[in-house]
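Turn these sequences into a full structure, and let the hints guide you.
Numbering-wise (the numbering used here), the sequence shown opens with residue 1 and increments by one.
Keep in mind that the hints are not guaranteed to be accurate.
To be verified - Label-pair distances were calculated between CB atoms; the ranges are: (1) ASP143 / ALA114: 34 to 42 Å; (2) ARG24 / VAL64: 14 to 22 Å; (3) ASP113 / PRO78: 14 to 22 Å; (4) VAL27 / VAL142: 18 to 26 Å; (5) VAL151 / LEU124: 16 to 24 Å; (6) GLU13 / PHE75: 20 to 28 Å; (7) ARG24 / GLU132: 18 to 26 Å; (8) PHE75 / ARG150: 13 to 21 Å; (9) LEU136 / ALA44: 28 to 36 Å.
I should point out that these hints are in silico values taken from the structure, not numbers from a laboratory. The C-beta atom is built at its ideal place from N, Cα and C for all residues, glycine as well.
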Amino acid sequence: MYQLDYEIRHLTEVQVDQAYPLVRELVASMSVPEWQRFAGRLLASGRGLRRESGIIAALGPGSVYFRGLCGYRIFPDPSGRDLLIAGCFAVPATIDCESVARALIVACQAVADAHGCESVEVHLSERNRWIEPLLLDAGYGVDSTAYVRRVGTGYRH
Numbered sequence: 001m002y003q004l005d006y007e008i009r010h011l012t013e014v015q016v017d018q019a020y021p022l023v024r025e026l027v028a029s030m031s032v033p034e035w036q037r038f039a040g041r042l043l044a045s046g047r048g049l050r051r052e053s054g055i056i057a058a059l060g061p062g063s064v065y066f067r068g069l070c071g072y073r074i075f076p077d078p079s080g081r082d083l084l085i086a087g088c089f090a091v092p093a094t095i096d097c098e099s100v101a102r103a104l105i106v107a108c109q110a111v112a113d114a115h116g117c118e119s120v121e122v123h124l125s126e127r128n129r130w131i132e133p134l135l136l137d138a139g140y141g142v143d144s145t146a147y148v149r150r151v152g153t154g155y156r157h
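Here you go:
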């Protein structure tokens with residue numbers, strides 16, 4: 001699909017603080033303790049051969065610095081063909097941001113393939129909506145099978 005010029009790794013607990021500046025690009029109001037709690041939840045069930053969740057990060061060739069990251073969680077399906085849900089695409093606006101985002105998109109597919117998932121669902125926020133054309137280019141489509149409701153909005157029935 002794309003030639004990967006980035007090394008993709010699963011983020012470890014030791015690297016969580018190092019990745020914090022990337023997440024600030026996505027959620028400017030997120031504090032270090034909030035990021036640590038968020039990352040901890042994804043990493044807690046991400047151990048062992050089958051990582052039910054995790055954070056994947058892209059590093060530049062020969063670099064120790066993260067260029068982008070995204071979180072994922074595998075959602076079980078009764079049919080046995082699970083769904084990988086990816087979000088928190090934190091890719092700073094740099095000259096190669098599209099290449100970094102493409103590498104993470106390909107990495108999500110690789111994780112899904114390794115876990116026998118049927119599909120990958122990507123959630124974007126307003127700050128990373130620029131990734132949408134890259135997803136469409138990679139063969140993703142818009143699926144209207146999900147219903148979304150924000151909680152705490154005063155819904156009454």
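Evaluated hints:
{"no.": "1", "hint": "ASP143 / ALA114: 34 to 42 Å", "in the structure": "violated (22 Å)"}
{"no.": "2", "hint": "ARG24 / VAL64: 14 to 22 Å", "in the structure": "holds (19 Å)"}
{"no.": "3", "hint": "ASP113 / PRO78: 14 to 22 Å", "in the structure": "holds (20 Å)"}
{"no.": "4", "hint": "VAL27 / VAL142: 18 to 26 Å", "in the structure": "holds (24 Å)"}
{"no.": "5", "hint": "VAL151 / LEU124: 16 to 24 Å", "in the structure": "holds (20 Å)"}
{"no.": "6", "hint": "GLU13 / PHE75: 20 to 28 Å", "in the structure": "holds (23 Å)"}
{"no.": "7", "hint": "ARG24 / GLU132: 18 to 26 Å", "in the structure": "holds (22 Å)"}
{"no.": "8", "hint": "PHE75 / ARG150: 13 to 21 Å", "in the structure": "holds (19 Å)"}
{"no.": "9", "hint": "LEU136 / ALA44: 28 to 36 Å", "in the structure": "holds (33 Å)"}
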